[in-house]
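Sequences are here, hints too, so could you generate the full structure?
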Amino acid sequence: MNPQELKSILSSGLLSFPVTDFNAQGDFHRAGYIKRLEWLAPYGASALFAAGGTGEFFSLAASEYSEIIKTAVDTCETSVPILAGVGGSTRQAIEYAQEAERLGAKGLLLLPHYLTEASQDGVAAHVEAVCKSVKIGVVVYNRNVCRLTAPLLERLAERCPNLIGYKDGLGDIELMVSIRRRLGDRFSYLGGLPTAEVYAAAYKALGVPVYSSAVFNFIPKTAMDFYHAIAREDHATVGKIIDDFFLPYLDIRNRKAGYAVSIVKAGAKIAGYDAGPVRAPLTDLLPEEYEALAALIDKQGAQ
1 MNPQELKSIL SSGLLSFPVT DFNAQGDFHR AGYIKRLEWL APYGASALFA AGGTGEFFSL
61 AASEYSEIIK TAVDTCETSV PILAGVGGST RQAIEYAQEA ERLGAKGLLL LPHYLTEASQ
121 DGVAAHVEAV CKSVKIGVVV YNRNVCRLTA PLLERLAERC PNLIGYKDGL GDIELMVSIR
181 RRLGDRFSYL GGLPTAEVYA AAYKALGVPV YSSAVFNFIP KTAMDFYHAI AREDHATVGK
241 IIDDFFLPYL DIRNRKAGYA VSIVKAGAKI AGYDAGPVRA PLTDLLPEEY EALAALIDKQ
301 GAQ
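For the sequence shown, the numbering used here begins at 1 and goes up steadily by one.
Because the hints were derived from the structure by calculation, they are not lab data. Among the hints, erroneous ones may be present.
[To be verified] Calculated cross-link-like contacts (lysine to any residue; reagent style SDA-like; alpha-carbon spacing at most 20 Å):
#, residue 1, residue 2
1, K7, V73
2, K204, S12
3, K132, L152
4, K204, L152
5, K299, I241
6, K132, D172
7, K221, C160
Listed below in C-alpha cells is the structure:
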C-alpha cells in the first residue's frame, strides 16, 4: 500500500487503537491479542493502530514491539490495515519505524518524542528524519511536546511526500483551523483527543470528520453507531449517546491521570476480552470505579 492509498483510507471512517494484551505477570499475551483483533476487525473500522498510546507503546520493550506489530499485521492481513505507533528519541523512532515497515505495517503514527522540550525546528527535523527513513505513510501526532505550526507542517509536507496525515491531540482550535486552511487536502486529518467522540461534532465542522475511538475496544457497535450519527448529523442520537454514556464515562476517566488508558483496559475486561493490567506508571481502576463502568457498559446493550 503506497502512502497515497493509505491517505485515502484514513480520510473517512472510524479509526481505533486496540489495547495491548498482557498476562498476569505483565508480559505480552499473544493469544489474547489475536482474539481481540479478530473480534474488532469485522466491526468496520477503517484502520487499526497497533502499539499506539492506548496500546501502551510507552511501556513496551523493543522485542515486544516487534512481536506485537507482527501479530497485528498477520492477524488482520485480509481484513483491516494496521498502522504502527513509533516514538522516542529520533534514532529510536527510526528503528521502530523501519522495523514496523519490515513487518508489513501499512503506515506509522509518529508519537511525540519523549520528555525533553525542543524548538519547533528541532521537532520538525525529528519528524523529517523519521519520514525519510521509510517508504510507508506517516501520520504525525501533535500532542504534548510535539506542537508543530502550520508553516512547519507545510515545510514538512514539501520535504516528505510520505507524510500523509496529521492527528490533533491538542484541542487548540485556532491552530487546527490554521493547519486545515493552509494545508488543505495535502493531509488526512484525524481527531485525536482522549475520548474523541465528545469533540467529534465540533471537529467535523472544522473539516476533520475522522477520529480515533478508544471505546471501540469494548463497545464497538455503539462506537460505530455514534460515528455514523456524527456523519449524518443525527444530533438527537449523538446527544443521547453523549448523555447516556460519554459524560458519565468521562466522570470516571477524569478521576486520575492515566485513566484514559486504564479505563479502556477495564472496559475490555468487562466486555469479555480481558487484556490484563496496565503497566506502571499507569494504575488500574479502583474496584468501585470498575463496577460503575460495568453498569454503564451494560446499559449499552449487546455489541
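Unsatisfied constraints (hint numbers, rising): As far as the earlier hints go, 4, 6, 7 are violated by this structure, in ascending order.
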